[in-house]
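A.B. asks: For the working numbering, count along the sequence shown from 1 and bump the result up by 54.
No lab work stands behind these hints: they were computed from the structure. Note that the coordinates shown come from a computational prediction; the quantities given were computed from them, not determined experimentally. Wrong hints could be hidden among the right ones.
[What the hints assert, rightly or not] Here are the simulated DSS-like cross-link-like pairs (lysine-lysine), alpha carbons at most 27 Å apart as the crow flies:
#1 K79 x K64
#2 K74 x K87
#3 K74 x K64
#4 K87 x K64
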Amino acid sequence: EDCGVQIGIKRMASRPMATKCIDCKNFQEDLEKNAL
């Protein structure tokens, strides 16, 4: 969704509703942690 990279098979298997690749998700979580 964010970077255009296809979500990995393992991620889709563990999180079928995932809309972000693992790198974008980690980046989003880091931003949220720093916003506190």
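A.B. asks: Regarding the pair K74 and K87, is the alpha-carbon distance no greater than 27 Å?
C.D. replies: holds, 18 Å
A.B. asks: Would you check the hint for K87 and K64, treating anything up to 27 Å between C-alpha atoms as holding?
C.D. replies: holds, 25 Å
A.B. asks: Is K79 within 27 Å of K64, Cα to Cα?
C.D. replies: The given pair, whose Cα atoms are some 14 Å apart, holds under the 27 Å limit.
A.B. asks: Within a Cα-Cα threshold of 27 Å, do K74 and K64 meet the stated pairing?
C.D. replies: holds, 13 Å
Of the hints listed earlier, there is not a single one the structure fails to meet.
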